[in-house]
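J.: This is what each chain is made of:
Protein chains: 2
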Amino acid sequence: MPKIKRIYLDHAATTPVDPVVFAKIRPYFSEKFGNPMSVHSFGQEAMAAVDQARVQVAYFLRCQPKEIVFTSGATESNNLAIRGTLKAYQAKKENQGVIPHIITTQFEHHCVLNTCQELEKEGQIEVTYLSVYADGLVRLADVKRALKSNTILVSVMYVNNEIGTVQPIVEIGQLLREAHSVERIARNSKRSTFRDTRSKILFHTDATQAVNYFDCDVNKLDVDLLSLSGHKIYGPKGVGALFIRDKSAITHVQSGGDQEAGMRAGTHNVPGIVGMAEAIRQIKSSKSKVKNNEILKLRNYLIKKVLKEIPKSHLNGSLDQRSPNNANFRFDDVEGEGLILSLDMEGVAASTGSACSSGSLDPSHVLLALGLKHEQAHGSLRLTLGKSTTKQEIEYAVKILKKIVSRLRKISGDVLKEFK
Amino acid sequence: MPKIKRIYLDHAATTPVDPVVFAKIRPYFSEKFGNPMSVHSFGQEAMAAVDQARVQVAYFLRCQPKEIVFTSGATESNNLAIRGTLKAYQAKKENQGVIPHIITTQFEHHCVLNTCQELEKEGQIEVTYLSVYADGLVRLADVKRALKSNTILVSVMYVNNEIGTVQPIVEIGQLLREAHSVERIARNSKRSTFRDTRSKILFHTDATQAVNYFDCDVNKLDVDLLSLSGHKIYGPKGVGALFIRDKSAITHVQSGGDQEAGMRAGTHNVPGIVGMAEAIRQIKSSKSKVKNNEILKLRNYLIKKVLKEIPKSHLNGSLDQRSPNNANFRFDDVEGEGLILSLDMEGVAASTGSACSSGSLDPSHVLLALGLKHEQAHGSLRLTLGKSTTKQEIEYAVKILKKIVSRLRKISGDVLKEFK
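Residue numbers (the working numbering), protein chains in the order written: chain A, 32 to 451; chain B, 32 to 451.
Calculated from the structure, these hints are not laboratory results. Don't take each hint at face value.
[As the list claims (entries may be wrong)] Listed next, the in silico DSBU-like pairs over lysine-lysine satisfying Cα-Cα at most 30 Å (straight line):
1) K152(B) <-> K124(B)
2) K63(A) <-> K318(B)
3) K318(A) <-> K152(B)
4) K404(A) <-> K315(A)
None of these values were measured; they are calculated from a predicted model.
Could you build the full structure based on these sequences and the hints that come with them?
T.: Take a look at the structure:
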């Protein structure tokens, strides 16, 4: 096998910009550089590009272009979805003094989880954090049980960023619609002179890790809010979007100019927006479908090989309900951080979990939510494949991984012996 | 004179990315594409670039690298400065029940003004909006008079985005420091057993339009918070920064991952950050100083020529205390919007004021703040020069402007006659 220099198996953290995408955004730096809000031709040229990008994103989500708000990334989108829903709720006179209720899961990305926890700590909301089971999935019955009369928002991620498990978004969407209908009928029948117009509980999904591989038709999913990011789909960093079905249900959180119909102030990141839209357009191509199938096969090969060749290795989360590019292992008696560093020295880029909290020494909150013990949650390895991943790379990565796990186990064994 | 195709005189709205800057950011899209928060080599390579950019920005502002927080633009920086100060204040137990006071000016950019107005409307703060005088400047005496015992923040822009006037930032900074010392001594002398540790009133300046031309040494300016943007300085769109002297005085407003020491969650826009830093580095070059001098000369030539050749034309705001690239005129009996559109048809890109509110039909809040009447504030023309502006372009622009003003006056004259 020829020497492989660097193998990137961390596509859930970020992806390289596709050369086709880069070619598309290039003119928007120094040539078509206008501010889309300017009325002159330079501005109109830039706005035309933003408008076209909006149509492309909307086409992918099967929504109206006006329902798309461009942001600086999924973190901002998720903050806007939650904080914006709360602000709109609080602004209504009839809601004054009411503490609304939000339902989310224990293993959301930190940008959802921390937002909920902070608002909860500030006394602005109450939150139910849904349990996640060993398969890495939430249960519909738990969502149903968590619903309260003051619930205003349910936020459940489409695909988990660490273990790649796919949540039952369609089913939750349906449940919320039915719950709303039933309740409205019940309430209306009690008071015949009063037609209940209470708003539906909003349903938000963070689809950041889903866009590459899963259907994001917002009507099929029955979501009111959906977040996505450019840099996870071979588009640029610094750009994201939020689908908002009903803008009257959301208040902006960043104030300023009139951009994005008042939903998000700040000069449009034109190359970013154009790039994210082009990346999304690429996902729909037949070439991309073939690629995704290859990724799935390679990923299955990787999982099989690791579980077979490395003793005491385990897959975290369901294999079936899982993003085709994600593998997340744990190895008994091996600490994840040391594993990652050793892999990196051998040219294999992997991660223990979310890059966003890699600075933290805490065990993965995702794996803890699955019911793993602290030492197990510390020993995880996430390998996420991408468009460029080859079988040769997988072969090499497993070979190296096997060697390292064995060496680390030997070291920890030796250390334990010394203490005896 | 040869035919000039398109002349861009709207550099206050946005600037093209400098080819040197573009060359610098190019590798960060598809090659050095790592997520800076990843621990492996791809991530470290990206983080090294972010770190170096932070050093470059800090060098320009004469502060510590750790005092720089990267954002998605000046709008986010300004929101963070104001909302973050308020959040940190509200989080302290001793401040519960106290409505803090913020001082700003009537002619701030909308991202400061709207933020203050919205927080005021929500009952979270009280605000003093300082008057601006006909010269486009605030007065130190007004700042002093506005100070109250519950004042926590003063936010005054360095250079106004519409009329380019330069505010007395150094003097305001000094005033606030002195006011703080005097008050502390007075309070401490009264209660000898109690050492007053009340925080200094924070001083924020939006330096977005100043960075190209003015000294942004945060110690000379005596500011605690300073906002800047990439795309106004020949860097990319979608990136900005906030200087924060004391991070304990600010609470983040966007929650999520551990980026930016917890001050701003969300994956770093690596090419954007690298590009903004390179753009800032270019400003310090001697070539840039020569360029700025040329811009000043051209701008003065433009103002002189317009005021001389076009009857009933006026310059809005002080000529002396003004950014070297800004000219803002009004022409009696001429409506600004028509002027801009006519100029655009002749290939000259100009604006009536801020691009961020170009969708609005309201007269410029900046010009109203200067004491102009509604019809005067509707008739403004902002011409902002840049590095590429030539004398030939200025000659052509004035020629066209003269023709258009005359034509528009004739039309409005004819219309008036018909009504007689």
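J.: Compare the structure with each hint and give your call.
T.: Evaluation of the provided hints:
{"no.": "1", "hint": "K152(B) <-> K124(B)", "result": "holds (23 Å)"}
{"no.": "2", "hint": "K63(A) <-> K318(B)", "result": "holds (25 Å)"}
{"no.": "3", "hint": "K318(A) <-> K152(B)", "result": "violated (53 Å)"}
{"no.": "4", "hint": "K404(A) <-> K315(A)", "result": "violated (40 Å)"}
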